[in-house]
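Number of protein chains: 2
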Amino acid sequence: MQKPLILVCNDDGIFASGIKALTQVASKFGDVIVVAPDKPQSGMGMSITINKPLRFRKVDFDHAQEAYATDGTPVDGVKLAMHKILSRTPDLVLSGINHGANSSVNVMYSGTMSAAIEGAMENIPSIGFSLLDHSIDANFNPSKTFISKIIEHTLTRKLAPHTCLNVNIPALPEEAIKGIKVCRQANGNWTEELEERFDPMGSKYYWLTGKYESTDKTPDTDIWALENGFVSVVPIQYDLTHHPSITNFEHWPFS
Amino acid sequence: MQKPLILVCNDDGIFASGIKALTQVASKFGDVIVVAPDKPQSGMGMSITINKPLRFRKVDFDHAQEAYATDGTPVDGVKLAMHKILSRTPDLVLSGINHGANSSVNVMYSGTMSAAIEGAMENIPSIGFSLLDHSIDANFNPSKTFISKIIEHTLTRKLAPHTCLNVNIPALPEEAIKGIKVCRQANGNWTEELEERFDPMGSKYYWLTGKYESTDKTPDTDIWALENGFVSVVPIQYDLTHHPSITNFEHWPFS
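Top line first, the protein sequences correspond to chains A and B.
Take 115 as the starting number for the first sequence in the working numbering and just add one per residue.
Take 115 as the starting number for the second sequence in the working numbering and just add one per residue.
One thing to keep in mind: the hints can contain errors.
Put simply, identical chains are the same to the list, so a pair is met inside one copy or across any two.
[To be verified] Straight line, CA to CA, 25 angstroms or less: simulated DMTMM-like cross-link-like pairs of lysine to aspartate or glutamate:
hint: 1; residue 1: Lys172; residue 2: Glu341
hint: 2; residue 1: Lys142; residue 2: Asp205
hint: 3; residue 1: Lys331; residue 2: Glu236
hint: 4; residue 1: Lys172; residue 2: Glu288
Hint data in this document are derived by calculation from the structure and do not stem from the laboratory.
Working from the sequences, and respecting the hints, build out all of it.
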């Protein structure tokens, strides 16, 4: 039997330590091809490149059959991989391990999760992994056991068509993590602070910064799971329709 | 009574003719502040700028109280407007009129719709408008009647909390448009063609192109509405949870 073909991508760039850890775990399950941005692409969402052309080049990468650095966004990378790099349709798309959380509404801004969503659009079982630690020397080792379990079960049990998983892992020692919890995306929002500064010419500029706040912390949410020491798994789809509103609109005169 | 404060934004850039048409319509309903990218930002999705600072500058703009060009993405622009430019919370966020369709899954890649979704995250009634005509000299006049109706009803009837509308308008003469249809997002996908070329140094590069294909054309979808001469209105939310899968996962050993 042919080994599974696994596409590994991310948004922190091909030189980030998170994608090295993920590739190492993935290599236990099949042949791994890495296709990742040549520079950090955090917060790129589902961005695609349409006003300039794209390139990719082969690079060395431990535990991978082949690896390519692209000059596009995370979603561009999945499209390049699917249509120009891989010799056949992959059995699995893995994205991450992201340096920092992608829980709650952050899934909408996340390049890591957007790459997984692009995989789901192509109807390939896809998983995005994020560790709740932004630091450059984050310890990805405790994550590996949980990532292995989730990959194994995804390969054997499959996911619903056109869905992917958003997996977030608390920054805790392995023995302190209480388990894996399947949950829903918490609602929440960013309290933005656009930090005002002046350049040497006296002109204003702004750094986008802020604090994420969730008021939605019932035990069925990813935020609750993470705050209580669980790995959170949110099954993700990309139908944005607010179905209850369709019925409400029947009272609008124009429908 | 205070006039409504309306924020107008887009992804085609502040010099596109679509945003001029939208601002003209919006000005009938309140005080309009335009905040839009200083260059085209199509396909930027929910992308935010975190690795470099942002700037904005005042520009002249017909039918607007004030207008600002930003050097960020469409979503950056909404954040700048909300937290640094507007003197109070707007009553309405309008995005567009986009040059080209944002129906079906294209809502996920669209900068126009992402700006509206950012408005919804801030719990402001928000609407993204798109005309099914990419050309630089697209005729936005037939759209104006329908846009007026939809703005009027949104201001009086309100939307469900944290939702926005995705409005697509067929490129037809006004009298050929059959009406407005509230519908769901059709499923579909892009058949990518990454067009391969060689630069003068002999290196390969790729243009991301392709064709959108929908196999989901029942009369309750936006694709059906548009193909049958209706303006499509899809109510949009941003909870990506695939709720039916949560139950399925109860059979996974780790949950």
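Status of the hints after comparison with the structure:
Taking the shortest Cα distances, Lys172 and Glu341 never come within 25 angstroms of each other, neither inside one copy (40 angstroms) nor across copies (43 angstroms). Taking the shortest Cα distances, Lys142 and Asp205 sit within 25 angstroms of each other inside one copy (14 angstroms), while across copies they are farther apart (54 angstroms). In this homomeric assembly, Lys331 and Glu236 come within 25 angstroms of each other (Cα to Cα) only across copies, at 19 angstroms, whereas the closest approach inside a single copy is 32 angstroms. In the homo-oligomer, the alpha carbons of Lys172 and Glu288 never lie at most 25 angstroms apart, since the shortest distance is 34 angstroms inside one protomer and 53 angstroms across protomers.
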